[in-house]
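Asks: Chains as they are written, first to last, in my numbering: chain D, 1 to 117; chain B, 1001 to 1115.
In case anyone wonders, no lab produced these hints; they're calculated from the structure.
Owing to the predicted nature of the structure, the values given are computational and were not obtained by experimental measurement.
Partner residues are not named here, just some residues of chain D that face chain B (Cβ under 10 Å, in silico):
id, residue
1, PHE35
2, GLN39
3, SER42
4, MET45
5, LEU47
6, GLU52
7, GLY97
8, THR106
9, PHE107
10, GLY108
11, GLY110
What the simulated footprint calls covered on chain B by chain D, stretch by stretch (three residues with Cβ under 8 Å from a Cβ of chain D suffice, anywhere in the stretch; the number is not a length):
id, region
12, 1087 to 1094
13, 1103 to 1109
Every residue gets a Cβ at the ideal spot worked out from N, C-alpha and C, and that includes glycine.
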Amino acid sequence: AQTVTQSQPEMSVQEAETVTLSCTYDTSESDYYLFWYKQPPSRQMILVIRQEAYKQQNATENRFSVNFQKAAKSFSLKISDSQLGDAAMYFCAYRRGVETSGSRLTFGEGTQLTVNP
Amino acid sequence: KAGVTQTPRYLIKTRGQQVTLSCSPISGHRSVSWYQQTPGQGLQFLFEYFSETQRNKGNFPGRFSGRQFSNSRSEMNVSTLELGDSALYLCASTPGPSQGNTEAFFGQGTRLTVV
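Working from the sequences, and respecting the hints, build out all of it.
Replies: As structure tokens, then:
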């Protein structure tokens, strides 16, 4: 079974600064996807960024980027130029890559990010 | 394109009752997954439906069941409610196999309180 671990229950950052959220996972499969989701107080889960395991290049979406270390099974999220609107719970998630296995996501425990003005 | 719609948004039920939650996926999406979110257990997968068939099932008791209709709308049912079933229930839709897009889109959830 796959597991996802986020070891930082809470993190804080000053506005305009950079913060990195950590995530490790365990799987015996070689084909999979990794995601970071953001859940603000509204509770709507919003996709921040995704990474395909077969791609060596780290994914980037504007101020958000990941450091994907496949051998170490590590998938950290870097938020640059932090904004007040980035304050939320962040979840790391894993999905198997085989289409026939379905869309099931395995989530980490979450990291609550606070952005201080 | 409309997003994932979950109804109702809030629900209060008494122990022993049953409840039905509804999820309408994004138009064209054929796969619907359900998750339970609690402060203690985090986000846990309940089940996934594709083309009216359950494709995956999480580790929940038989009191939790679901179904999917021909228009891809899905319902989940919880019978004999327990206090521990109080949670945010999230629905996610994806296009389905061989559709090239792995991103799951979530609804705003149904907040169930069991008293």
